[in-house]
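As given, the protein sequences belong to chains A and B, one line each in that order.
Heads up: the first sequence is residues 1 to 471, going by my numbering.
Heads up: the second sequence is residues 472 to 918, going by my numbering.
Just so you know, the hints here were simulated from the structure itself, not pulled from any lab data.
The beta-carbon is built from N, C-alpha and C at its ideal position, and this holds for glycine as well.
Heads up, a few of these hints could be off.
Derived coverage of chain A by chain B (criterion: at least 3 residues anywhere in the stretch with Cβ under 8 Å from a Cβ of chain B; other residues may be distant) [claimed, not checked]:
| id | region |
| --- | --- |
| 1 | 72-81 |
| 2 | 209-216 |
| 3 | 331-338 |
Listed below are the simulated DSSO-like cross-link pairs for lysine-lysine, each with C-alpha atoms no more than 30 Å apart in a straight line [to be verified]:
| id | chain 1 | residue 1 | chain 2 | residue 2 |
| --- | --- | --- | --- | --- |
| 4 | A | Lys362 | A | Lys161 |
| 5 | A | Lys212 | A | Lys185 |
| 6 | B | Lys565 | A | Lys318 |
| 7 | A | Lys20 | B | Lys488 |
| 8 | A | Lys194 | A | Lys212 |
| 9 | A | Lys116 | A | Lys318 |
| 10 | A | Lys20 | B | Lys486 |
| 11 | A | Lys430 | A | Lys156 |
| 12 | A | Lys318 | A | Lys161 |
| 13 | A | Lys7 | A | Lys116 |
| 14 | A | Lys116 | B | Lys565 |
| 15 | A | Lys182 | A | Lys156 |
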Amino acid sequence: MISETVKRELESVLGSGGVKDDPETRVTHSYDGTPMLQVLPDAVIYPETTAQVSGVMKVLSAHRIPLVSRGSGTNLCGGTVPVEGGVVMVMHRMNRIVEVDLQNLTATVQPGLNTKQFIVHVEGLGLFYPPDPSSMAVSTIGGNIAECSGGLRGLKYGTTKDYVLGLEAVLADGRIIRTGGKLMKDVAGYDLTKLLVGSEGTLAVITEATLKLIPPPKSKKTMLAMYRDLYGAARTVSKIIESRIIPATLEILDRQTIRVVDDFANLGLPHDMDAILLIEQDGEPEAVERDIAIIADICRGESAERIEVAATPEQALKLLTARRSAFTALARLRPTTILEDATVPRSKIADMMLEINRIAAKHGVQICTFGHAGDGNLHPTATTDARDPEEIHRVEAAFEEIFEAAISLGGTITGEHGVGLVKAPFLEWKVGEAGIDLMRGVKQAFDPLGILNPGKVFAKSARKRVVLQHG
Amino acid sequence: MAESASPVANPLAEKLKISLDYDQLTNCMRCGFCLPACPTFHETGVEAESPRGRIALMKAAVDGLLTPDRAFAEQMDHCLGCRACEPACPADVKYGRLIEQARDSVEEHRHDHRWWVKVVRKAAFEGLFPHPRRMRLLGGALKLYQRTGLGQLIRSTGALKLLPAHLTEMERIMPAASGHGVIGRIGERHAAKGERIATVGLFRGCIMDILFTDTNVNTVELLTEAGFDVVIPDSQTCCGALHAHSGEQAQARQLAKRNLQAFQEAGVDWIVSNAGGCGAMLQEYDHLLHEDPQWKDNANWFAQRVVDVSRLLVERGRIPAFRFPQAGQEEVRITYQDSCHLRNVMGSYDSPRRLMRQVDGVEYVEMAEADRCCGSAGIYNLTQPEMSANILSHKMEHARGTSAGIMLTSNPGCLLQMKLGIEREGLAGQMEAVHLVDFLHQSMVRG
Ligand SMILES: Cc1cc2nc3c(=O)[nH]c(=O)nc-3n(C[C@H](O)[C@H](O)[C@H](O)COP(=O)(O)OP(=O)(O)OC[C@H]3O[C@@H](n4cnc5c(N)ncnc54)[C@H](O)[C@@H]3O)c2cc1C
Ligand code: SF4
Ligand code: SF4
Chain A
1 MISETVKREL ESVLGSGGVK DDPETRVTHS YDGTPMLQVL PDAVIYPETT AQVSGVMKVL
61 SAHRIPLVSR GSGTNLCGGT VPVEGGVVMV MHRMNRIVEV DLQNLTATVQ PGLNTKQFIV
121 HVEGLGLFYP PDPSSMAVST IGGNIAECSG GLRGLKYGTT KDYVLGLEAV LADGRIIRTG
181 GKLMKDVAGY DLTKLLVGSE GTLAVITEAT LKLIPPPKSK KTMLAMYRDL YGAARTVSKI
241 IESRIIPATL EILDRQTIRV VDDFANLGLP HDMDAILLIE QDGEPEAVER DIAIIADICR
301 GESAERIEVA ATPEQALKLL TARRSAFTAL ARLRPTTILE DATVPRSKIA DMMLEINRIA
361 AKHGVQICTF GHAGDGNLHP TATTDARDPE EIHRVEAAFE EIFEAAISLG GTITGEHGVG
421 LVKAPFLEWK VGEAGIDLMR GVKQAFDPLG ILNPGKVFAK SARKRVVLQH G
Chain B
472 MAESASPVAN PLAEKLKISL DYDQLTNCMR CGFCLPACPT FHETGVEAES PRGRIALMKA
532 AVDGLLTPDR AFAEQMDHCL GCRACEPACP ADVKYGRLIE QARDSVEEHR HDHRWWVKVV
592 RKAAFEGLFP HPRRMRLLGG ALKLYQRTGL GQLIRSTGAL KLLPAHLTEM ERIMPAASGH
652 GVIGRIGERH AAKGERIATV GLFRGCIMDI LFTDTNVNTV ELLTEAGFDV VIPDSQTCCG
712 ALHAHSGEQA QARQLAKRNL QAFQEAGVDW IVSNAGGCGA MLQEYDHLLH EDPQWKDNAN
772 WFAQRVVDVS RLLVERGRIP AFRFPQAGQE EVRITYQDSC HLRNVMGSYD SPRRLMRQVD
832 GVEYVEMAEA DRCCGSAGIY NLTQPEMSAN ILSHKMEHAR GTSAGIMLTS NPGCLLQMKL
892 GIEREGLAGQ MEAVHLVDFL HQSMVRG
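Generate the whole structure from the sequences, applying the supplied hints.
Printed below as a string of structure tokens:
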């Protein structure tokens with residue numbers, strides 16, 4: 001619990017409606033989308049302005065109380081679980097679109113804005129904001145920036161980092177900084193904008209963002225390629241890239257994932273296929289036609305059983321929406337779903353698929369795989385039961401091997417979900433000792449008291465995956 | 472690191488441990504996909520007012536992380552029970568069951584109902600809804616009250632002021648009650664026009680049958696016109712929805728058994744409902760009775776045979792031609808508010824729209840957020856007047872946006888709530904709320 005003094009000081013910044021510490025509020029801010037993790041915060045606060053955030057940071061740094069910024073709590077790395085207690089700050093009340101600049105093609109928004117609402121808004125103005133994490137109907141722009149989220153369109157259009165031009169952020173001591181701006185070029189000093197993107201709430205609180213918008217593609221085509229051979233599908237992915245075609249979307253779903261997604265979305269997907277590729281191309285109409293024809297040829301060459309092109313935009317949207325539900329839909333199989341985020345160079349997708357299945361069999365665990373195949377980003381997902389510690393142990397062992405396999409194929413432990421708490425023990429595997437030292441130095445410079453999302457990114461020791469009792 | 476509250480002996484916590492389905496609680500993997508669908512989250516922006524938040528509270532109570540107190544009970548009460556979170560959930564978490572189990576437990580340990588809620592609930596749940604005859608007597612009394620101008624008198628003396636403001640408001644929008652009910656009006660058996668497609672049993676509903684007798688009569692005429700023999704078994708009773716949603720499971724089961732028997736004896740192919748709330752309840756009798764070996768199979772049969780009147784017409788009937796009788800030079804606009812349970816539980820959202828689009832002489836416009844709960848949700852507008860009012864006022868903004876002259880719905884609760892909204896917003900004279908069946912009946916071109 002926070003002391004009465006701190007509570008009063010916070011209330012003087014936020015008003016009495018902006019601070020809550022009743023048990024119901026604390027319980028409902030003790031988790032995020034990460035399985036088996038739950039720790040109660042001492043209080044939950046709801047700022048409405050940058051000035052309030054600054055005031056809050058002054059109070060908290062004076063008392064050395066940890067602060068965890070929270071968007072919608074959909075992250076999958078324990079990013080908003082207050083493992084060292086302290087205050088969870090919900091950004092939802094700062095959810096305005098400050099401006100859409102039609103001359104510079106930029107938008108300035110507050111961090112608590114819902115991603116999908118933003119995308120729909122700019123589309124209404126004839127513009128396009130590509131980063132579209134599967135959670136976009138729920139997630140916030142602030143959360144997307146802090147995790148540098150990718151999405152279904154990442155292959156061609158890049159991820160969040162490619163669209164953040166400038167930020168306003170509040171430092172741990174309450175000072176306010178502005179980085180970048182409505183500028184397509186800016187080399188004045190270190191690139192603090194890029195540094196804050198993906199910083200997982202450990203360096204500063206993002207209070208405003210200036211985002212790049214682009215003109216939307218003129219046309220789109222969406223197709224499904226169905227395979228009886230998982231590796232044929234995986235090889236197709238590498239072949240498409242090799243043929244110098246960059247589709248807007250290139251997603252893979254394995255057999256189990258196809259089934260659960262279809263149970264949810266009732267699209268009549270084939271339950272007897274081992275894999276589906278969901279492919280979308282956009283651009284000038286003729287170019288789209290030509291690419292889709294070439295891609296279809298490549299699919300056939302890799303022995304795709306069937307190829308279907310979506311007849312209408314509505315049907316295409318349904319397919320993409322269904323794909324977005326994949327992770328949650330896997331929870332239909334078993335009560336606990338643990339998903340990973342291994343990413344490899346795109347030419348290695350088939351090898352990685354083989355490795356995942358070999359490792360799953362070796363440890364006797366069920367791992368279903370789907371993901372942004374075109375990005376080399378797979379989401380091997382273990383379906384298991386948190387109540388069975390022995391099985392969870394095997395799952396953890398399997399994932400450790402999967403990380404190893406990814407790194408030895410030239411990949412990384414996380415492509416888009418972030419390090420947070422759950423990957424912290426493995427970070428050194430990817431960046432090395434010198435890399436960790438350097439990152440610690442950056443953290444120290446931004447947050448000398450260690451009050452911004454403590455316990456994240458850097459592991460105290462080379463711990464195993466943290467498994468808490470109540471999850 | 473994890474902070475686990477010391478397990479204080481709390482009788483509600485103990486009860487929750489027994490009643491809540493722990494598998495369902497763990498199936499929620501906290502992805503948040505249900506948040507945008509939830510009206511109470513939409514209104515408040517507070518996680519505890521969301522499905523994910525409520526499930527987390529239930530689980531925390533069972534895990535001993537939270538001592539369920541009054542605030543916990545209130546949070547469970549705030550849920551509309553609209554179940555929009557269920558079709559939104561890719562993990563197929565059965566939220567409707569969880570909230571019923573939670574409320575059942577809360578009810579057992581509740582000491583804090585406002586007096587009038589308690590009185591009304593007890594009288595209605597035990598003394599009234601299960602007894603069709605008493606319901607009809609009440610209907611008669613209501614009618615007398617409305618007819619004799621006694622209502623006028625009571626209103627003018629301010630006697631009604633003793634009741635909370637919203638009850639007074641409700642009193643004003645109540646339709647004329649009937650002392651007869653559908654069987655009293657037209658009898659039990661009705662033959663199909665033309666070749667018979669199937670025999671269907673009409674579920675008349677308890678509130679439906681005294682406040683909306685006309686709608687029941689119209690349902691029968693629509694069905695016979697479309698080729699169905701219709702039976703209205705007189706031994707049927709209340710569906711039990713209000714009981715189940717308010718934590719009175721045992722009573723709900725009793726009522727379910729009586730209905731199973733009534734419709735089985737009547738030898739029907741389908742059980743037709745014209746009230747989304749009742750239909751959804753009937754359709755879940757299989758779950759309600761799944762632990763009862765004697766009734767399980769019957770309940771499964773029954774649940775599979777329950778169908779909404781729109782869906783039956785669209786999927787199996789000979790749909791008559793519809794032409795709106797008042798169609799003049801200027802086309803009348805109509806719009807539709809989904810009944811939550813019809814949409815989210817019975818899965819019927821396309822059929823009502825298909826029927827409305829088939830009516831000549833009117834233009835159908837889709838209302839923004841038509842799929843979002845209107846805030847009525849059974850007795851919600853009585854027990855949670857404030858939240859209900861906020862939700863309704865948003866709803867009416869969208870209603871205004873359609874510029875429709877007729878607002879159609881498929882459930883008595885929604886219909887009354889829409890009438891209330893029209894009244895509150897001063898839209899009377901511009902917009903009228905009508906049950907879809909009545910509208911279709913009025914527009915039916917008889918063969
Ligand atoms: C079903 C499902 C599908 C998903 N699909 C994808 C996907 O396709 N691609 C992808 O990349 N991710 C995906 N995710 C992960 C997650 O949704 C993203 O990381 C998302 O960006 C998180 O947004 P949020 O608003 O929920 O942030 P939160 O979870 O609330 O927070 C995430 C992190 O950001 C920090 N943070 C939040 N707001 C601020 C702020 N204003 N200032 C500083 N720090 C802040 C938090 O401290 C935390 O560390 C998925 C998750 C789920 C549950
Ligand atoms: S959508 Fe389903 S699994 Fe996801 S948070 Fe809501 S109830 Fe839980
Ligand atoms: S039933 Fe309706 S109000 Fe209740 S949690 Fe689900 S969506 Fe929200």
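### Task
Taking the numbered hints from earlier one at a time, note which ones the structure violates and give those numbers from smallest to largest.
2, 4 and 13
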